[in-house]
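J.: Construct the complete structure from the given sequences, taking the supplied hints into account.
Using my numbering, read the sequence shown as starting at 1 and increasing by one per residue.
No incorrect hints appear here.
With a straight-line Cα cutoff of 30 Å, these simulated DSSO-like cross-link-like pairs (lysine-lysine) come out:
hint, residue 1, residue 2
1, Lys9, Lys46
2, Lys29, Lys46
3, Lys120, Lys9
4, Lys261, Lys20
5, Lys29, Lys9
6, Lys183, Lys148
7, Lys64, Lys29
8, Lys171, Lys183
9, Lys46, Lys34
10, Lys46, Lys120
11, Lys195, Lys273
12, Lys29, Lys253
13, Lys195, Lys183
14, Lys46, Lys61
15, Lys86, Lys120
16, Lys98, Lys33
17, Lys253, Lys9
18, Lys195, Lys229
19, Lys64, Lys253
20, Lys120, Lys253
21, Lys20, Lys61
22, Lys120, Lys64
23, Lys98, Lys61
24, Lys61, Lys120
25, Lys98, Lys253
26, Lys253, Lys86
27, Lys33, Lys9
No wet-lab data here; the hints were simulated from the structure.
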Amino acid sequence: MPAWLDYQKLAASVYSALEKNAVVTHDDKILGKKSNAIRQIDVSVKLSLAGHDLLIIVQAKDMKRPADLNVVGEFLSVVEDVQASKGVLICSAGFTEKAIEYAAHCGIDLCSVHDASNPKWALNLCLPVLWIEYSIGLSYEFVFVPDKPMPAELSIDMDPRAWPISFDGGKSYEPFGPFIQAKLSSMELSYEVGKTHEVNFPLHASRVLLGGTASCPAESVRVLYSVTKMGWSGKVRLSNVLGLLNRSSATLKAVARFTEKDIPLARDPLWEKVSDVHEFRETHPNLLTIECSLPLFSDLTNLDIAMTEFEGTAQLKE
Numbered sequence: 001m002p003a004w005l006d007y008q009k010l011a012a013s014v015y016s017a018l019e020k021n022a023v024v025t026h027d028d029k030i031l032g033k034k035s036n037a038i039r040q041i042d043v044s045v046k047l048s049l050a051g052h053d054l055l056i057i058v059q060a061k062d063m064k065r066p067a068d069l070n071v072v073g074e075f076l077s078v079v080e081d082v083q084a085s086k087g088v089l090i091c092s093a094g095f096t097e098k099a100i101e102y103a104a105h106c107g108i109d110l111c112s113v114h115d116a117s118n119p120k121w122a123l124n125l126c127l128p129v130l131w132i133e134y135s136i137g138l139s140y141e142f143v144f145v146p147d148k149p150m151p152a153e154l155s156i157d158m159d160p161r162a163w164p165i166s167f168d169g170g171k172s173y174e175p176f177g178p179f180i181q182a183k184l185s186s187m188e189l190s191y192e193v194g195k196t197h198e199v200n201f202p203l204h205a206s207r208v209l210l211g212g213t214a215s216c217p218a219e220s221v222r223v224l225y226s227v228t229k230m231g232w233s234g235k236v237r238l239s240n241v242l243g244l245l246n247r248s249s250a251t252l253k254a255v256a257r258f259t260e261k262d263i264p265l266a267r268d269p270l271w272e273k274v275s276d277v278h279e280f281r282e283t284h285p286n287l288l289t290i291e292c293s294l295p296l297f298s299d300l301t302n303l304d305i306a307m308t309e310f311e312g313t314a315q316l317k318e
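T.: The following block contains the structure:
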């Protein structure tokens with residue numbers, strides 16, 4: 001099939017997708033009122049509005065160079081001959097400045113069609129996206145009650161999840177991480193963003209092995225956590241889009257269908273960080289928003305340490 005015929009059929013498909021109530025005909029034949037001759041119309045769009053019958057005729061040209069003033073003039077004669085309500089000239093290569101000026105004077109719309117599935121006729125159209133992630137910042141504050149002198153120097157792991165803790169007087173030890181994970185997971189905790197939340201746990205009859213050698217009774221641990229909401233702005237291309245870009249009014253009307261491959265599964269490292277997610281959403285209403293789920297305390301031991309900050313402080317009681 002010739003490329004020019006493909007382009008005409010694409011134009012017809014776009015109008016059919018955009019105007020469900022219209023009768024769209026490819027390669028229509030309409031009698032000219034002035035010439036009394038049958039005029040070939042690439043695409044005709046017929047619809048009724050408040051009892052009025054409207055006729056839009058479309059000429060679709062697949063050209064290697066922009067359509068010039070002469071192309072607009074030839075099409076104008078057809079528009080006037082069939083007494084169309086509107087004439088639309090579509091060109092794959094765009095239009096010259098003179099053609100744009102003349103078409104505006106004559107009331108002819110200059111457009112381009114977009115088919116995302118065909119690289120030849122796909123415009124550089126992207127959908128703005130807002131990617132939202134959450135992180136949990138944690139800090140632990142322990143209260144220890146030494147029952148014997150502690151070593152002057154201790155090499156302590158800065159991640160308290162790895163600290164060995166015993167609940168049988170030091171006979172056996174287990175990592176602190178799974179213990180605190182189970183405690184936090186069993187509670188209904190607030191995930192409100194922007195606030196510091198506090199949870200206190202008594203550690204009765206427990207001992208923590210500090211530095212791998214110093215066993216010290218622990219009285220309690222206070223867990224402070226905060227949830228941070230972060231955003232990044234970017235763009236994604238959709239694989240299934242049919243649209244009409246009106247170059248006269250600088251507007252795009254399109255039908256887009258999302259497929260699984262259109263939704264990014266990971267954040268693009270080139271996307272820009274958004275300072276205020278709420279403000280960005282308010283000022284950019286036409287967004288594809290992808291919001292990652294909140295990190296759960298049940299996944300505490302599996303969280304990436306780079307995503308969750310851990311900080312431990314200890315208080316020794318005499």
